[in-house]
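Number of protein chains: 2
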Amino acid sequence: MSLRPLILVTNDDGITAPGIRKLIAIMNTIGDVVVVAPDSPQSGMGHAITIDSTLTCDKLKVDVGSQTEYKCSGTPADCVKIAIREVLDRKPDLCVSGINHGSNSSVNVIYSGTMSAAIEAGIEGIPAIGFSLLDYSWRANFDVLEKEIVKITKNVLENGLPEGVVLNVNFPKTPTFKGVKICRQARGNWEEKFDKRISPNGKEYYWLSGKFTNLDKGEDTDIWALEHNYVSVVPVQFDLTAHHFIQKLNNWDL
Amino acid sequence: MSLRPLILVTNDDGITAPGIRKLIAIMNTIGDVVVVAPDSPQSGMGHAITIDSTLTCDKLKVDVGSQTEYKCSGTPADCVKIAIREVLDRKPDLCVSGINHGSNSSVNVIYSGTMSAAIEAGIEGIPAIGFSLLDYSWRANFDVLEKEIVKITKNVLENGLPEGVVLNVNFPKTPTFKGVKICRQARGNWEEKFDKRISPNGKEYYWLSGKFTNLDKGEDTDIWALEHNYVSVVPVQFDLTAHHFIQKLNNWDL
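Sequences listed follow chains A and X, in order.
Position in the first sequence counted from 1, then plus 20, gives you this note's numbering.
Position in the second sequence counted from 1, then plus 20, gives you this note's numbering.
Worth flagging that the hints you see were computed from the coordinates, not collected in a lab.
Check the hints yourself; a few may be wrong.
[Claimed, not checked] Which chain X residues face chain A? A few, computed with CB under 7 Å, are given here:
#	residue
1	Ile143
2	Asn161
3	Val185
4	Thr233
5	Leu235
[Unchecked claim] From the structure, some residues in chain X lie toward chain A, with a derived Cβ separation under 8 Å:
#	residue
6	Glu144
7	Leu154
8	Leu260
9	His263
10	Asp273
[To be verified] Keeping only pairs whose Cα atoms sit at most 25 Å apart, straight-line, the calculated PhoX-like set for lysine-lysine is:
#	chain 1	residue 1	chain 2	residue 2
11	A	Lys268	X	Lys198
12	A	Lys79	X	Lys213
13	A	Lys91	X	Lys223
14	A	Lys237	X	Lys193
15	A	Lys223	X	Lys223
16	A	Lys237	A	Lys223
17	A	Lys268	X	Lys174
18	X	Lys198	A	Lys174
All values reported here derive from a predicted model rather than from experimental measurement.
By construction, the Cβ of each residue, glycine as well, lies at the ideal position given by its N, Cα and C atoms.
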């Protein structure tokens, strides 16, 4: 039996995305790597799972390296579920998701397929990290992230994570970031625009687009850190209970 | 201008589901109702949004009543976004989602399209409630929920909700529930089973199924309340920061 940690790698941009290829290469230096990732891009899938449809999960080899790879027809959360229940012989020591092409800071954590995979692993009691780079380009420079990703990953493997907590790591676009900041999720939202168009047969349809607005002036947020060229690390929990409001709610006339 | 509150109604089972039809009828007694709901079932969609595809949003009238109705081709979160940005003239006073056919207690809040709609409204600063009944049947008895739904809704309209908090309301299957309990989200997970099959052309595929496991012995959880025939009300937040772990994380060597 290998003494190296068993690491599950997934993402939401699809198994051929440069971000996950880099993450696989990095993880191969740390442990035994099994990849179960979507066969097509799944950005914005949030924590969707495939209930009323079938799934495929097929072994393949996308490129060189010691990893074992599977592509799955489902969402990132599906990938983690099928990896744990069907693909892997034992519970992995770590799940890493990404490197996402684009930000998952602030409220984007909620829409993020990358983070849903990490959260799904967390629900199963597996330490998990989502990595994202604030660069949507397919040719983004992932190489400069290697040292920090190794350091964060080794810290998680050595220290573990508390039950119910996973990490959301975002890298600024600059290759010369200043260091790492532990942050809270910034308060923000998307000012959506729906671009209305008319189809050739006269039917109205829309494209969703929008602009992210940071509503948070705090200097302890992920947005602040990223704007100031720090790597942001937000501990994320999936107990969504607003504990602070329970006492007040008990005074309501219900 | 109407003095009645403007209420946005949506769900994840689709605009023709009996659960939303009942919720529309109830809300018509409280305010001016606009429905923007998916044109097809969207269960398990989590907080998915439609990024790389188009959306339609068409006015229709499913049945009698004073409501205005639109069916949308997108996810529950898409429905709330397009309602706010395109359909409604002003910010609604309330958003209600459901009544879901099935439970959204415990960790199901994360996979839930019903709750993603409520959370999306919450992100936009709109007080929001998701209602679910622990009965998957299309012919579930929603009538017995009316009194409680009216009471909870009126409480939210009168008292408001703190910024960043929405309510997750689940009803036990029994029509004779004992009352309302304010709860925290129970710790639990799904023990998935992947039912492997072979297609007529020899290809392997899977159906995801599974059994929910409650890992929480607490008597202040939603699962406990529902098992003891209480209506569970969990205040839900979408700041996912695990604030309790920030200090410890600051001691890591990052």
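A quick look at each hint next to the structure:
no.: 1; hint: Ile143; result: holds, 5 Å
no.: 2; hint: Asn161; result: violated, 21 Å
no.: 3; hint: Val185; result: holds, 5 Å
no.: 4; hint: Thr233; result: violated, 11 Å
no.: 5; hint: Leu235; result: violated, 9 Å
no.: 6; hint: Glu144; result: holds, 6 Å
no.: 7; hint: Leu154; result: violated, 17 Å
no.: 8; hint: Leu260; result: holds, 5 Å
no.: 9; hint: His263; result: holds, 7 Å
no.: 10; hint: Asp273; result: holds, 6 Å
no.: 11; hint: A:Lys268 <-> X:Lys198; result: holds, 21 Å
no.: 12; hint: A:Lys79 <-> X:Lys213; result: holds, 19 Å
no.: 13; hint: A:Lys91 <-> X:Lys223; result: holds, 14 Å
no.: 14; hint: A:Lys237 <-> X:Lys193; result: violated, 45 Å
no.: 15; hint: A:Lys223 <-> X:Lys223; result: violated, 39 Å
no.: 16; hint: A:Lys237 <-> A:Lys223; result: violated, 43 Å
no.: 17; hint: A:Lys268 <-> X:Lys174; result: holds, 16 Å
no.: 18; hint: X:Lys198 <-> A:Lys174; result: violated, 51 Å
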